[in-house]
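If you want the building blocks of each chain, they are given just below.
2 protein chains.
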Amino acid sequence: MSATPNATTAQSDHQGLESNGEVRLFEVGPRDGLQNESVRVPTDAKIDMIERLVDAGVRDIEIGSFVHPKWVPQMADTARVAAGIRRVPGVRYWALVPNMKGLEFALKAELSHVAVFLSSSESHNLKNLNRSISQSLEIVGEVIAEAVSQGLTVRGYISTSFGCPYEGDVPFDNVMRIAHTLTQRGCRYISLGDTTGMGTPLQIRKGCRRAVEELGVDHVALHLHDTRGLGLVNALQALEVGMRNFDASVGGMGGCPYAPGAAGNLGTEDLLYLLESLGYETGVDLERIVAISRDLQLDHGVTLSSKYYQYAGARL
Amino acid sequence: MSATPNATTAQSDHQGLESNGEVRLFEVGPRDGLQNESVRVPTDAKIDMIERLVDAGVRDIEIGSFVHPKWVPQMADTARVAAGIRRVPGVRYWALVPNMKGLEFALKAELSHVAVFLSSSESHNLKNLNRSISQSLEIVGEVIAEAVSQGLTVRGYISTSFGCPYEGDVPFDNVMRIAHTLTQRGCRYISLGDTTGMGTPLQIRKGCRRAVEELGVDHVALHLHDTRGLGLVNALQALEVGMRNFDASVGGMGGCPYAPGAAGNLGTEDLLYLLESLGYETGVDLERIVAISRDLQLDHGVTLSSKYYQYAGARL
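Chains A and B supply the protein sequences, listed in that same order.
Heads up: the first sequence begins at 1 in my numbering, then just goes up one per residue.
Heads up: the second sequence begins at 1 in my numbering, then just goes up one per residue.
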């Protein structure tokens with residue numbers, strides 16, 4: 001599974017800089033973006049946003065999360081969102097589920113794609129989930145097994161894969177050990193999270209190369225945050241070593257409330273503009289994404305950190 | 001002059017991603033940054049800003065411009081700025097001079113480093129300077145010759161080197177022809193401007209490789225704008241092909257009033273954070289730069305687009 005077009009041209013002069021075909025975008029804005037907004041976006045507006053994102057070409061979209069509304073009140077209406085959206089064939093609608101209870105809600109909502117999550121750093125996992133990594137692996141493992149037995153597809157987020165705000169460096173061996181454990185339980189996709197945007201270019205490059213080799217190019221994604229401005233530099237590092245799946249958030253909304261300084265997912269517009277400038281195909285229409293961001297900002301006052309949005313949104 | 005440490009490792013796996021020594025920052029904030037601010041920063045504050053930038057380790061700094069105040073009122077006090085700053089040995093204080101009159105002012109201000117400028121696109125040159133490129137080359141050539149005869153060192157900015165907002169693509173042959181003409185007249189340094197942030201990674205890579213080879217690594221700089229978010233990606237492309245001189249603006253202030261959409265120089269903080277993450281030395285203290293930006297914003301309301309500043313400034 002490790003062979004990628006890029007691997008064969010890794011020694012060329014323009015390593016990774018010329019298109020090698022397709023890149024798949026996983027849109028996390030309706031979940032990871034909105035859950036970190038101080039403003040509340042009404043259910044109808046979320047439904048509209050999701051439908052417009054799909055119309056713009058998005059094929060994987062995280063529509064919400066079934067965590068307890070006490071912890072993430074912004075996601076309390078996920079069941080209503082799931083019930084309200086027009087389901088387009090070929091599009092995968094995902095929801096985050098922290099535990100068996102969350103999985104039940106996802107099943108009730110007739111979602112066939114769920115995402116589980118834990119951290120690769122003990123301290124971050126403890127602050128975020130109030131348990132140890134091994135306890136999390138047990139719970140998540142059961143959720144995966146049950147989901148798979150019900151015919152669902154599972155994605156596993158591994159947070160702080162490139163550094164932890166409490167512990168600093170996280171050995172990538174630990175990240176891969178968790179990834180393999182999840183995969184063995186039946187998790188089909190792994191998303192490596194640079195949760196607080198601490199990852200450096202060389203670190204991202206090394207980690208992604210290894211993850212693509214060990215997990216297979218179709219089974220691993222990179223989830224970047226642009227906290228310190230290296231988001232696109234790091235995306236390019238990953239592209240150059242064959243990564244072809246990237247998470248991003250429309251307008252650059254979002255962050256992580258449990259991780260200090262984790263402002264801003266990598267913006268969908270920024271990622272798409274980079275990919276377009278390199279000739280990669282995503283099937284997603286950049287200018288329509290900009291228009292969706294602009295309306296979210298005008299209608300609901302969300303915070304949009306994407307640089308390309310700031311440029312292009314002003315000219316609509 | 002084309003041999004750079006990177007050239008010998010260009011085929012390695014981490015091409016350009018590991019430190020190959022030093023990178024030189026050319027700080028343009030007090031000129032290119034402030035001249036595009038709608039708010040006016042008083043002379044005393046400019047002097048303070050320049051002195052603090054130098055204290056933070058900056059060794060090349062553009063303190064202002066001797067263009068007619070009718071066109072750029074923000075720079076009307078450049079002579080007073082030049083008279084007010086404490087001159088630190090080893091630091092090069094630069095001023096922009098559009099013509100012979102400007103050069104006279106620079107000489108009167110006891111500045112020994114001046115920068116001239118023109119565009120590589122006819123339309124942009126016409127809108128910006130109201131004359132053709134060949135007319136500009138004549139005027140600029142005379143200024144260079146006179147400056148050199150007076151013992152001054154000259155830098156030449158070539159705008160729209162990677163694309164023009166009016167014409168689109170600019171053949172890089174044209175850029176290099178202008179660069180060589182300026183050099184032949186005695187211009188010691190060339191700065192290639194991506195004036196409106198249109199440059200794509202592969203284009204920047206190709207152009208910078210050629211410029212470093214033809215002009216010599218010590219005689220060429222890259223002047224990026226982060227308009228569409230590719231600033232650091234493009235900086236890394238240039239680093240990877242041996243570029244070692246970069247212009248940047250404290251906090252990411254600035255743009256170009258004659259170029260639509262040209263918001264935001266590459267921020268000094270963003271550049272420094274990238275370089276630090278790769279292990280390059282600049283001798284400039286990133287956290288002190290952040291503090292200078294923060295004070296400019298608090299005291300004068302300037303617009304700071306640097307992502308790293310937005311992260312780090314909030315935690316001071």
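Rather than coming from a laboratory, the hints here were simulated on the basis of the structure.
Computed from a predicted model, the values in this text were never measured in an experiment.
Honestly, I wouldn't trust all of these hints.
Said to hold, decoys possible - Using 25 Å as the maximum straight-line C-alpha spacing, the simulated DMTMM-like pairs for lysine to aspartate or glutamate come out as follows:
#1 K70/A - E22/A
#2 K206/A - E276/B
#3 K206/A - E281/B
#4 K70/A - E142/A
#5 K206/B - E110/A
Hints and how they fare:
Under the criterion of a C-alpha separation no larger than 25 Å, the hint pairing K70/A with E22/A is inconsistent with the structure, at around 40 Å. Distance check on the hinted pair: K206/A and E276/B sit about 18 Å apart at the alpha-carbon level, within 25 Å; holds. Pair hint K206/A plus E281/B holds up; C-alpha atoms about 22 Å apart against a cutoff of 25 Å. Simply put, K70/A and E142/A have alpha-carbon atoms about 23 Å apart, close enough for the 25 Å limit, and the pair holds.
A threshold of 25 Å between alpha carbons decides the hint, and for K206/B with E110/A the separation of about 51 Å lies outside it, so the pair is violated.
When each numbered hint is compared with the structure, violations occur for hints 1, 5.
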